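Here the protein sequences come in this chain order: A and B. The opening residue of the first sequence carries number -14 in the working numbering; numbering runs sequentially from there. The opening residue of the second sequence carries number -14 in the working numbering; numbering runs sequentially from there.
In case anyone wonders, no lab produced these hints; they're calculated from the structure. Errors might be hidden in some of the hints.
Under the rule of at most 27 Å between Cα atoms (straight-line distance), these lysine-lysine pairs were calculated in the DSS-like manner [what the hints assert, rightly or not]:
hint: 1; chain 1: A; residue 1: Lys73; chain 2: B; residue 2: Lys107
hint: 2; chain 1: A; residue 1: Lys133; chain 2: A; residue 2: Lys50
hint: 3; chain 1: B; residue 1: Lys73; chain 2: A; residue 2: Lys92
hint: 4; chain 1: A; residue 1: Lys133; chain 2: B; residue 2: Lys92
hint: 5; chain 1: B; residue 1: Lys73; chain 2: B; residue 2: Lys92
hint: 6; chain 1: B; residue 1: Lys133; chain 2: A; residue 2: Lys133
Predicted, not measured: the structure shown is a model, and the values here were computed from it.
2 protein chains.
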Amino acid sequence: MNNRTIRCWVDGQPTDHLDIRDRGLAYGDGLFETMALLGGRIAHEHHHYARLVAGCHRLGLPVPKFAQWQEHLAVALNHAPAEPAVLKLILTRGRGGRGYRSPQNPKPSWILQLLPWPDYPKSWAEQGITLRYCNSRLGHNPLLAGIKHLNRLEQVLARSEWDDTAIQEGLMLDLDGQVICGTQSNVFWVRHGQLYTPKLDRCGIAGITRARILEHFDVAIETISPADLEQADELFVCNSLMGVLPVINLAGQRYEIGPVTRAVQDALQKETV
Amino acid sequence: MNNRTIRCWVDGQPTDHLDIRDRGLAYGDGLFETMALLGGRIAHEHHHYARLVAGCHRLGLPVPKFAQWQEHLAVALNHAPAEPAVLKLILTRGRGGRGYRSPQNPKPSWILQLLPWPDYPKSWAEQGITLRYCNSRLGHNPLLAGIKHLNRLEQVLARSEWDDTAIQEGLMLDLDGQVICGTQSNVFWVRHGQLYTPKLDRCGIAGITRARILEHFDVAIETISPADLEQADELFVCNSLMGVLPVINLAGQRYEIGPVTRAVQDALQKETV
Chain A
-14 MNNRTIRCWV
-4 DGQPTDHLDI
6 RDRGLAYGDG
16 LFETMALLGG
26 RIAHEHHHYA
36 RLVAGCHRLG
46 LPVPKFAQWQ
56 EHLAVALNHA
66 PAEPAVLKLI
76 LTRGRGGRGY
86 RSPQNPKPSW
96 ILQLLPWPDY
106 PKSWAEQGIT
116 LRYCNSRLGH
126 NPLLAGIKHL
136 NRLEQVLARS
146 EWDDTAIQEG
156 LMLDLDGQVI
166 CGTQSNVFWV
176 RHGQLYTPKL
186 DRCGIAGITR
196 ARILEHFDVA
206 IETISPADLE
216 QADELFVCNS
226 LMGVLPVINL
236 AGQRYEIGPV
246 TRAVQDALQK
256 ETV
Chain B
-14 MNNRTIRCWV
-4 DGQPTDHLDI
6 RDRGLAYGDG
16 LFETMALLGG
26 RIAHEHHHYA
36 RLVAGCHRLG
46 LPVPKFAQWQ
56 EHLAVALNHA
66 PAEPAVLKLI
76 LTRGRGGRGY
86 RSPQNPKPSW
96 ILQLLPWPDY
106 PKSWAEQGIT
116 LRYCNSRLGH
126 NPLLAGIKHL
136 NRLEQVLARS
146 EWDDTAIQEG
156 LMLDLDGQVI
166 CGTQSNVFWV
176 RHGQLYTPKL
186 DRCGIAGITR
196 ARILEHFDVA
206 IETISPADLE
216 QADELFVCNS
226 LMGVLPVINL
236 AGQRYEIGPV
246 TRAVQDALQK
256 ETV
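Okay, chain A solo, but in the shape it has when bound (with noise of 0.2 Å):
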């Protein structure tokens, strides 16, 4: 991604600085929201709504109304360009407290950066793309499984272990050795014509893009091993800005694109934002 930043917004000021005591820094005390932002709309914006809801709920957030939600956005809407791009919103617990200790009424910090869109190749989506395996394990804990919150050091550990562009991304396994994610996507596999995904009951992240493919397909959700991962007839992986990527090849084992990953690919496309 082009991280060049075109402009970002603290509770609706145009700034790029936060105060240092703002319990995001402190604490990773919030959550976080990568948006694509196309003709000038934030895409399944009602699933990203959702989703931040989702963690307010469970990290004890003031839980923002859709109204108020579309009030804090609305300045960045206004400077979207007519060409794609991609919104990203940071929200916190904001200033206060001692320690640990919330205060007892936050005023949440909304921090909006407008950044452009990462033009990944064409021939990821249509020829694939090649995977490793990260050695950084995903931790348990059901407290924070599934949510898009601050604190994603283990991402940032499974990211740092390659740099080989020819590999454009990495599988993460939890500390029993089940495939849980991509460091920035989920991931499906196809077996006998039925689709699957992993639970992400105890560790990693719910995306957007995995939730509209459970919306429209029939999906089970299971736990894999890397060893029963070989057996699969397709696998790709997913994010909001990647889209679909099929994966032709994950640590040496080749796999087919298939009809059923290019079924998932069309009828996302055919989606109305």
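Given the coordinates of chain A, work out where chain B should sit on it, guided by the hints.
Here is chain B on its own, set in the frame of chain A:
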């Protein structure tokens, strides 16, 4: 703790704001140290430095030499008051990188806050404190266990469980139901004259006061369940600001303040800073 910041600096410059693209905010990609400033000097500075270095190795952050640490902290020490104060250091991976991927040559941010001394009541150390058990469990992840990184949502959620000012600290269990630590302290217990503290190889933070006690006393590192902890003869918690606090009540269970706890308090108090 009185949370009013006296002064703060980022990379040597007096400012209370940080770039919102800092990875400390985006991912909790960094470490922190909360240090007692006594007579203008950092208490147990080499312990804090050593833990920061251990954390840098674990997270793949550039490891500062001791002279660099001193240089970065000098600006705060030059403004240290004569009375006790707190110096909080947040060290992040700085800006840059694409998504989770770190920049090749990260330029860490050194964020310093000079805070007033918390003034815990003297009665806590003398007459003991009351603890509860937290429902929020600590997840397991050996990758991150022990170091004082910025991914602290577990502690935030645990500390949010009670408001009762008669309860000074909460003990946290791990996913297996074993006692690990307090939300902001380490825990020790005594049984038949032997001092014990939990293993921190899968979760928890290895505190500086804990390290000092391990240097002075013969401590057995063991796991313990809440049921077994009821059989302890003495119980105490500790951290760098509170010191060693005897526990007289844990979730209704009464404990005596015994000779081992007093010996630990005496030994640490006599130690030269």
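How the hints compare with the structure:
no. : hint                : result
1   : Lys73/A x Lys107/B  : 47 Å, violated
2   : Lys133/A x Lys50/A  : 19 Å, holds
3   : Lys73/B x Lys92/A   : 23 Å, holds
4   : Lys133/A x Lys92/B  : 26 Å, holds
5   : Lys73/B x Lys92/B   : 19 Å, holds
6   : Lys133/B x Lys133/A : 22 Å, holds
Of the numbered hints given earlier, the model fails hint 1 alone.
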